[in-house]
Amino acid sequence: MAERRHADVLVIGAGATGAIASLVLGEAGLDVVCLEQGGWVQPDDHPHYSPDWEWQRQQRWNANINARHGDGDYPVETNSSNVLMWNAIGGSTNVYGAIWPRYRPSDFKKGVEHGLAPDWPITYEDVAPYYERADRLVGVSGLEGNPAMPPHGPYPTPQLPLRRSSRRLIEAFDRLGWHWWPLPAGVISEDYDGRPACNGCNNCSAGCARGSMSKFSLSVWPKALAAGVELRPYAQVERIEKGRDGLATGAVYVDRMTGQRHEQTADVVVLAGNGVGSPWLLLASDNLANGSDQVGRNLLHHTLTSVDIWVDEQVDTHMGYVGSLLGMEFAETDTSRGFVNGFNFNCATGGHAGWQSLGILSQRAAPWGADHHRWFRERFDRGIGVFAIGDDLPSPTNRITLSDTARDDLGRPAPALFYEPGENDRRMMRFQLERLEEIARACNAVDYQLNDYCDEKGVYRTPAWHLLGTCRMGADPEHSVVNGVNQSWDVPNLYIVDGSTFATGGVVNPTPTVCALALRAAENLRDQFRERRKATKASVA
Amino acid sequence: MRTFELVDAMLPGDGQFPPASHVGVHGHLRGRLRQLGGDALVERLDEAMRDLDVAGIEREHPDLFARIRAVVFITYYEMPEVQEVIRALGFRYNATPLPRGYPMGRFAEADRPTHGRGHYVATGDVRRVDLSGLDFLGGKNG
Ligand SMILES: Cc1cc2nc3c(=O)[nH]c(=O)nc-3n(C[C@H](O)[C@H](O)[C@H](O)COP(=O)(O)OP(=O)(O)OC[C@H]3O[C@@H](n4cnc5c(N)ncnc54)[C@H](O)[C@@H]3O)c2cc1C
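These protein sequence lines map, in sequence, to chains B and Z.
Under the working numbering, the final residue of the first sequence carries the number 541; numbering is consecutive throughout.
Under the working numbering, the final residue of the second sequence carries the number 683; numbering is consecutive throughout.
No wet-lab data here; the hints were simulated from the structure.
Where a beta carbon is used, it is the ideal one built from N, C-alpha and C, also for glycine.
Some hints could be false.
Covered by chain B, per the in silico footprint, the following chain Z stretches (three or more residues, Cβ under 8 angstroms) [as the list claims (entries may be wrong)]:
id, stretch
1, 550-556
2, 572-585
3, 626-635
4, 648-654
5, 669-677
Starting from the given sequences, assemble the full structure and let the hints guide the process.
Below, the structure written as structure tokens:
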């Protein structure tokens with residue numbers, strides 16, 4: 001096994017959070033090596049310039065890791081969820097939707113609020129300054145002044161324009177007397193930081209070939225590389241190594257181009273593999289950092305339901321950035337609804353002719369036969385999509401474990417994912433569906449189709465684009481994997497900086513918070529680096 | 542049934558829209574199904590086409606049918622002749638999403654919401670909620 005030079009910091013994973021951590025630590029003058037199991041995704045690799053762009057989205061641009069077999073991928077055994085992620089430089093930002101809302105103060109205090117989920121060891125106020133700084137780094141658009149959120153400064157670029165679908169929804173929300181606000185997006189509305197403004201191509205579900213939607217290989221990584229970070233693609237980490245003193249010493253990885261094993265040693269290891277990859281690697285490293293038995297547990301995806309609404313006028317379905325509005329009328333707990341926690345509406349409308357004919361969110365396809373062409377004339381460009389996304393309660397049995405049967409390319413047990421919504425989550429989803437129906441009616445829909453994401457046997461098969469909770473942070477080592485600055489309780493020179501550290505899921509898409517917390521953790525590590533190098537378990541407690 | 546008959550039964554054309562086989566959809570069917578599910582899926586197609594019409598495939602093999610439909614619909618709307626019809630119907634429709642895109646202008650200040658609705662609970666104001674009506678929780682999530 002070949003050994004490489006000793007580094008100050010080893011970062012595992014070059015996705016959203018690995019990019020941010022590498023940048024912060026690299027700019028501080030530390031010697032940073034980042035290992036990523038996938039390669040670069042070049043702008044031309046995206047299907048946006050190809051006549052078969054909609055087909056590629058079904059196939060090699062499918063976000064479902066089990067439906068595509070890309071260079072950096074591994075199999076995930078799953079009882080239910082469609083596991084969505086992308087394994088390459090930039091990670092899942094190669095395919096994400098960049099809907100960019102922040103968490104709210106009560107999201108961090110569910111322990112106080114009802115005790116069915118823990119409090120975070122930090123508050124909204126601890127995270128707030130990092131939201132603004134992460135937004136500037138990532139490149140975000142939005143409109144400040146939302147009364148459903150604590151006040152904050154302006155976004156780096158102005159709000160994206162409203163489309164006709166947004167106006168139709170605004171009328172509906174106003175009719176219902178419900179909150180709505182233009183959607184913040186990790187998409188730039190003006191040229192920013194060397195990248196061009198969004199030109200509304202609407203193929204956002206296959207990522208962004210221009211980098212207008214912040215794809216971290218085009219937004220954050222160039223800065224990290226300029227700061228001297230060494231990024232090694234096709235380097236799949238097999239295990240994190242631990243010394244006799246209980247500290248991490250580095251990692252063994254396989255160069256996927258040559259098949260050779262290497263060891264990369266470092267003073268500090270930063271794990272950024274996402275809510276599946278990180279717990280998988282810890283479990284595969286002899287159950288590392290798992291004195292709490294919480295590694296892999298408490299997997300959160302969010303509750304999810306949706307509606308496709310068809311109206312009697314053209315609404316720019318296939319034009320413009322996919323996201324349009326947020327609705328936070330039901331974001332706080334109100335137990336008179338029959339459940340705890342809240343949810344948010346994401347108005348997301350998109351898809352070209354093929355996708356529209358297959359039913360974008362509801363998967364209710366157009367008829368085949370003679371009626372198809374009539375359907376197209378009446379329905380094309382008249383569809384509007386709305387998701388309801390809510391705060392699912394953590395459950396220790398929703399978890400990542402090592403599979404007994406499935407193996408990855410290296411012959412290791414693959415991760416096995418088990419997820420099943422609890423009764424509170426199911427009640428919330430029933431309530432969401434009723435509200436989505438109200439929205440459809442208030443839009444004067446000519447037709448609508450709800451989606452509860454359950455198959456014919458009633459199994460909830462969510463598109464799991466949010467992978468959270470599996471290395472949760474907390475206030476004590478018995479019930480959590482990392483502390484409030486993302487440092488492992490058990491292995492003090494190991495930091496976990498991805499979304500797996502979330503204690504609860506909040507009512508919105510997580511990536512602004514994922515990025516803000518990664519920035520916070522990396523800056524903390526940077527500031528404490530010399531002390532942390534010598535840290536001992538005793539100093540954490 | 543042969544593949545051109547299958548795709549034309551699904552998308553027969555109507556005077557303005559061409560039948561699917563006229564734009565070559567049938568030529569992609571086997572190849573694309575193979576990409577989705579390997580040779581086994583193509584064999585299932587061939588077997589189904591031997592015995593059943595489209596309605597029969599939809600009824601007897603719904604999972605296979607869903608994949609056939611995905612291939613047929615997506616392939617059809619990829620074809621330049623079909624996109625020409627979409628444009629002739631008055632829609633803006635690009636042959637590929639980029640480079641042109643669909644520029645939508647800038648956000649209009651007049652669109653800034655004035656409804657004043659929306660609230661949040663501040664950190665210091667988060668209080669215990671009354672769970673007495675939620676017996677199903679029994680101290681945990683179901
Ligand atoms: C289809 C889709 C749509 C989404 N839409 C939104 C949205 O609209 N809004 C939003 O907020 N969020 C969205 N998300 C979620 C968002 O992409 C993630 O929250 C974000 O990318 C998480 O960052 P991360 O660094 O934790 O993980 P990732 O970005 O997934 O990166 C993890 C990286 O680590 C690498 N890695 C893992 N294990 C190893 C190993 N052993 N060795 C080497 N490398 C390793 C992986 O290859 C990967 O590149 C979406 C996600 C998907 C898939």
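Whether chain B covers the stretch 572-585 of chain Z (at least 3 residues having a Cβ closer than 8 angstroms to its Cβ atoms)
Held - the stretch 572-585 of chain Z has 3 residues with a Cβ nearer than 8 angstroms to chain B, which meets the minimum of three.
Holds or violated: the stretch 550-556 of chain Z covered by chain B, criterion of 3 or more residues with Cβ-Cβ distance under 8 angstroms?
holds (count 6)
For the stretch 669-677 of chain Z, count the residues whose Cβ lies under 8 angstroms from any Cβ of chain B; is that count three or more?
holds (count 7)
Verify the coverage statement for the stretch 626-635 of chain Z against chain B, using a C-beta to C-beta distance below 8 angstroms and requiring 3 or more qualifying residues.
Contact hint for the stretch 626-635 of chain Z vs chain B: holds, 6 residues under 8 angstroms.
Given that the stretch 648-654 of chain Z was listed as covered by chain B, double-check it with a C-beta distance under 8 angstroms for 3 or more residues.
holds (count 5)
This entry satisfies every hint, going by the numbered hints stated previously.
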